[in-house]
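Full structure from sequences and hints, please.
In the order they appear, the protein sequences are chains V and W. Counting along the first sequence from 1, when you hit position 181 you're at 180 in numbering that gives the first Met the number 0, and nothing is skipped either side. Counting along the second sequence from 1, when you hit position 125 you're at 124 in numbering that gives the first Met the number 0, and nothing is skipped either side.
Keep in mind that a hint or two might mislead.
[Said to hold, decoys possible] Pair by pair, the computed Cβ-Cβ distance ranges are:
1. V/Ala350 to W/Gly94: 26 to 36 Å
2. W/Asp389 to V/Phe222: 24 to 34 Å
3. V/Ala9 to W/Gly234: 49 to 59 Å
[Stated by the list, open to error] Some chain W residues flagged as far from chain V (calculated, every beta-carbon gap over 12 Å):
4. Gly44
5. Glu85
6. Tyr148
7. Thr179
8. Asn333
9. Asp339
10. Gly393
[To be verified] A partial selection of chain V residues facing chain W, derived with a Cβ cut-off under 7 Å:
11. Phe43
12. Phe316
13. Phe331
14. Pro337
15. Arg361
Keep in mind that the hints were calculated from the coordinates and are not lab data. Even for Gly, the Cβ is constructed at its ideal location relative to N, Cα and C.
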Amino acid sequence: MKARRAEAVAAYAFLTPFLALLAVFFVYAAGRAAYLSFTDYDLFSWPPNFVGFGNYSDLLQDTVFLTALRNTVLFSLVVTATQTAGALVMASVLNSKIRGISFFRASYYIPAIASSVVITLIFMWLFQRRGTVNFILGQVAAHLPHILLLVVLAALLQGAQVAWERARGLPAGWFDPALLVVSLLMALAGTVLADFLGLIRAAAAANVDISWFQTSRAVPDGFPFWLQAPLPLVTIMMMNVFTTIPTFMLMYLAALQDVPRSQYEAASLDGANPFQQLRWITVPAVQPVTFLVVTLSLIGTLKVFDQVAILGDAAPFRSRVTLAYYVYDRMFPGGQAPEVGFAAASAMFLALLTLLVVLLQRRFLRAEGA
Amino acid sequence: MKKASVLAMALCLIGIGIAQTNIRIMGYGGQDPAIVQRLLDDVIGDRLAAEGITVSYEPLEGDYNAALFNALSAGTAADIFYLPGETAPAIVATGKVLALDGHIDVSPFIASLMDVYTFDGRVYGVPKDFNTLALVYNTDLFDEAGVEYPDEDDTWADFADKLRGVSALEDGVYGACFPTTYDRFGAFAFASGWQPPGVVEQPDFTDSAMNEAVDWYTGLIREGAAVTPADVGQGWTGGCLATEEVGVAIEGAWIVGFLRNDAPNLRYGATFLPLGPSGERGNFIYSVAYAVNSDSPNRDAALLVLEALTSPEAQQWVLEEGLAIPSRSELADNPFFDQDTPEARANRTVFQGAEQGNVYGFQFGTLGTDFMNPINDALSAIVTDGAEIDQALGQAQRNLQALQERAR
Chain V
0 MKARRAEAVA AYAFLTPFLA LLAVFFVYAA GRAAYLSFTD YDLFSWPPNF VGFGNYSDLL
60 QDTVFLTALR NTVLFSLVVT ATQTAGALVM ASVLNSKIRG ISFFRASYYI PAIASSVVIT
120 LIFMWLFQRR GTVNFILGQV AAHLPHILLL VVLAALLQGA QVAWERARGL PAGWFDPALL
180 VVSLLMALAG TVLADFLGLI RAAAAANVDI SWFQTSRAVP DGFPFWLQAP LPLVTIMMMN
240 VFTTIPTFML MYLAALQDVP RSQYEAASLD GANPFQQLRW ITVPAVQPVT FLVVTLSLIG
300 TLKVFDQVAI LGDAAPFRSR VTLAYYVYDR MFPGGQAPEV GFAAASAMFL ALLTLLVVLL
360 QRRFLRAEGA
Chain W
0 MKKASVLAMA LCLIGIGIAQ TNIRIMGYGG QDPAIVQRLL DDVIGDRLAA EGITVSYEPL
60 EGDYNAALFN ALSAGTAADI FYLPGETAPA IVATGKVLAL DGHIDVSPFI ASLMDVYTFD
120 GRVYGVPKDF NTLALVYNTD LFDEAGVEYP DEDDTWADFA DKLRGVSALE DGVYGACFPT
180 TYDRFGAFAF ASGWQPPGVV EQPDFTDSAM NEAVDWYTGL IREGAAVTPA DVGQGWTGGC
240 LATEEVGVAI EGAWIVGFLR NDAPNLRYGA TFLPLGPSGE RGNFIYSVAY AVNSDSPNRD
300 AALLVLEALT SPEAQQWVLE EGLAIPSRSE LADNPFFDQD TPEARANRTV FQGAEQGNVY
360 GFQFGTLGTD FMNPINDALS AIVTDGAEID QALGQAQRNL QALQERAR
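So, in structure tokens, the structure goes:
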């Protein structure tokens, strides 16, 4: 009994530094923010006036706040969906036993190592009006005939080869890798030949002139306000997916180590193609990790801030503002007295929204496998 | 007898030791810490040391206004701090800035500059220097294109033709760098007769003078005679000039030091902004003042330091180092301005720009720099999204009114 109490005391003693930090920087700070959100505090007049739910009702009437809300929700949904799916697919691919797999695993992880500041700056270069991305898009547009011919030829050749194999009684899948390589090579040769004979011709280098950042355009065109993402935000989405996929891929990769190979072997003996294997073996097996990944991703994307801040004046304010950035902007508005009460109210809103989203997610995606 | 004098000396030394006061200054980061340090070492440090005052400079890196508001609220702000003209109304409104009337003689300073720091008839800051905008042009590009340099008699139409001439030179070269932001565009709006907040009660983005300026400015970008900094991968027009992608940048004297370091081989000239439809040119006055913290425990020493920092000797040094344009009117006839170097010419243009045509302070009343957001959005919508000018300006006016209502 005495020993157990001593143990408990020791445990609390070790926990104290952490608990103290938590109490000061989280519990106290959050409590104070909650209090300030009901006042008109401006950093200078203390004590502030109590304004009840005034800040909250003002929030819902502020068009910039509503834009920030729309941007954040769209950002969170699109990025979470894309990177969860992308991470799973990448992990499945990198889980195969081929030569040099560790090289691929390492190189696919590299984007996650660079700091988000650096990546944002690099993306701003790539997505310049006369930058690499527009150049590549221009090349693709110019060579569209070649690309189309290549795809069509490859599909036809693949179809012909598979049909021939099956006619000989051999079991060949539609995506049989060996046949696919042959089809692609032959299609490539065909395309080069067609170009050489002048049957197809590259269009004059199309000048793709998309302004990715300095624009108030929202896509898709003609959609209602709540379903339209501003173009600069779409660029940030791509950037975020690119940098976060590797981390989640690593989690999936760890989970996949526990899935017995024999299940895949049995499935492929039964004639299941890779997509069916992914859908019916991999996805259910990694369900707990999916829950973790989706939760982390939702929380991470709802509070996106750094990329938006670094983008700065390169994009119009409304086309990049997210809730977390909105909080900061109201706390330190350009050359006005800080609107602390208002900023605190929007911060509380963001906290509640995050909680709500995660609770909803728990409702639909259980942590334990089915 | 001897003993008495030794004792007196010892007492004196102790007295100096006790009277030693440290005055803290909060200001921008970047190159400012080095400049203030050299100013102290070379010019005013000895004088202050004789008074028993030492000075330490604390740069606030990043968002200066955010950091300053925090420091003022927390009571950790320095005895003296930078008071930027564009945010002065809000900072003074906190009540933490000492009114300088009766403490400091402000008559030697340029009157239009003092207006920026005068609220309800009381003075809250002494401008340390100021800047206006000038056209800074790459003479090689103009020579190569066989186009005359911009000059002070140019109208908008003349200037536009010269830009077209330069941009015809080759693909990827543009006449000028025009950002889609009010902090440069505004000078052109003033040239067509538009008036900013502070001058008129309610600024109107939808009036015809604004429309005309927007049409001319954005038209040049859309036809390719000018380019936005973002479209050539730069953050400001000085960056465009340094990479020799444009013929003309629109900047203040701060570009001089930048070009010296980043484009030492660039040959350039400087002249006034072109004459607008009103027959006048327009310009902004940008400035930063020194202000004294009203909570400072060392008020008298702080006022002495403030005087030393803005003394004729200090300003002469700042000017000769090519750092900024001094705020004392007596320095207008300084021989430094008459040297025949590009740097001196640029400085002279910036100095004289303050008295040429429709010149207004870079200040927006209590709305602060948020005032610029609606018009910036409109400019960018017109340039990159092809929005109609009337519609975009109408939207800007509605957004401005929403901002004003929220600020009450």
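A quick look at each hint next to the structure:
Taken as a hint, the range 26 to 36 Å holds for the pair V/Ala350 and W/Gly94, whose Cβ atoms sit roughly 32 Å apart. For W/Asp389 and V/Phe222, the Cβ-Cβ distance of about 25 Å falls inside the hinted range of 24 to 34 Å, so the restraint holds. Between V/Ala9 and W/Gly234, the C-beta spacing of about 56 Å keeps the proposed range 49 to 59 Å intact. A cut-off of 12 Å between C-beta atoms confirms that W/Gly44 is not in contact with chain V; the least separation is 33 Å.
Distance to chain V contradicts W/Glu85 as a non-interface residue, since its nearest Cβ pair spans about 6 Å, not more than 12 Å. With 12 Å as the threshold on Cβ separation, the claim that W/Tyr148 sits away from chain V holds: the shortest Cβ distance comes to roughly 27 Å. Not every C-beta of chain V lies more than 12 Å from that of W/Thr179, the closest at about 7 Å, which undercuts listing it as non-interface. With a closest Cβ-Cβ approach of about 32 Å to chain V, W/Asn333 is found to remain outside the 12 Å limit, as its non-interface label requires.
For W/Asp339, the non-interface assignment is confirmed: its Cβ lies about 37 Å from the closest Cβ of chain V, beyond the 12 Å cut-off. Every CB of chain V lies more than 12 Å from the CB of W/Gly393, the least distance being 15 Å, so the non-interface label holds. At about 5 Å, the closest approach between the beta carbon of V/Phe43 and any beta carbon in chain W falls short of 7 Å, and the interface hint on this residue holds. Annotation: interface hint on V/Phe316 holds; nearest CB of chain W at approximately 6 Å, less than 7 Å.
Residue-level restraint check for V/Phe331 holds (minimum Cβ-Cβ distance to chain W is 4 Å; threshold 7 Å). For V/Pro337, the suggested interface contact is upheld, since its CB lies about 6 Å from the closest CB of chain W, less than 7 Å. Because the smallest distance between the Cβ of V/Arg361 and any Cβ of chain W comes to about 37 Å, over 7 Å, the interface hint for this residue is violated.
Of the numbered hints stated above, those contradicted by the structure are hints 5, 7 and 15, listed in ascending order.
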